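Q: Sequence:
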Amino acid sequence: MTNLAIWRTFDIIMEEYNVHTAKTHFSQLLEKVAEGEEIIISKGSTPVAILKKYEEPLQKRKVGQLKGKVHIAPDFDEFGSDLQEMFGLKA
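Here the sequence shown is numbered in the working numbering, starting from 1 and rising by one per residue.
Worth flagging that the hints you see were computed from the coordinates, not collected in a lab. None of the values given here were measured: they were computed from a predicted structure. Misleading hints may appear alongside valid ones.
Calculated pairs, DSS-like style, for lysine-lysine (alpha carbon to alpha carbon, straight line, at most 25 Å) [claimed, not checked]:
1. K67 x K53
2. K43 x K23
3. K53 x K69
4. K32 x K53
5. K52 x K32
6. K23 x K52
7. K53 x K23
Please build the complete structure, drawing on both the sequences and the hints.
A: Shown next as C-alpha cells:
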C-alpha cells in the first residue's frame with residue numbers, strides 16, 4: 001500500500017491515499033483510524049474526505065435544562081436613550 005503524500009499540519013500527521021488505494025486497502029486504513037490516525041482520501045490530486053475515528057458525543061442535550069433559571073428583562077431588545085441618540089434613532 002503506497003500513500004501519495006503525508007500532510008503535516010499543527011503537528012498532526014495525516015497520510016493521503018487516492019480513492020483506488022483506499023478502496024483496495026480499506027480494512028488496513030480502518031485499523032489505522034481505530035488507533036487514532038486521520039487519513040485523507042483524494043480524487044486525483046484533490047483531497048475530498050478525511051477518514052477519522054468516530055467519537056461519541058460527551059453528553060446528550062436535554063430540552064429545558066435552563067427553564068426557570070434564566071430571566072430576560074421586558075426591555076431586553078429596547079435601546080436606552082443614550083444608544084438611541086448615538087445611533088440617530090431618537091426622533
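Q: State for each hint whether it applies.
A: A quick look at each hint next to the structure:
For the hint pairing K67 with K53, the CA-to-CA distance comes to about 35 Å; that exceeds 25 Å, so the pair is violated. Distance restraint check for K43 and K23: the Cα-Cα separation of roughly 12 Å lies within the 25 Å cut-off, and the hinted pair is therefore satisfied. A hinted pair counts as satisfied when its Cα atoms are at most 25 Å apart, and K53 with K69 does not qualify at roughly 37 Å. Annotation: proposed proximity of K32 to K53 holds, straight-line Cα distance about 9 Å (limit 25 Å).
With a C-alpha separation of about 9 Å, the suggested pairing of K52 with K32 holds against the 25 Å cut-off. With a CA separation close to 15 Å, the supplied pair K23 and K52 stays within the 25 Å bound. A distance of roughly 17 Å separates the Cα atoms of K53 and K23; the hinted pair therefore holds under the 25 Å criterion.
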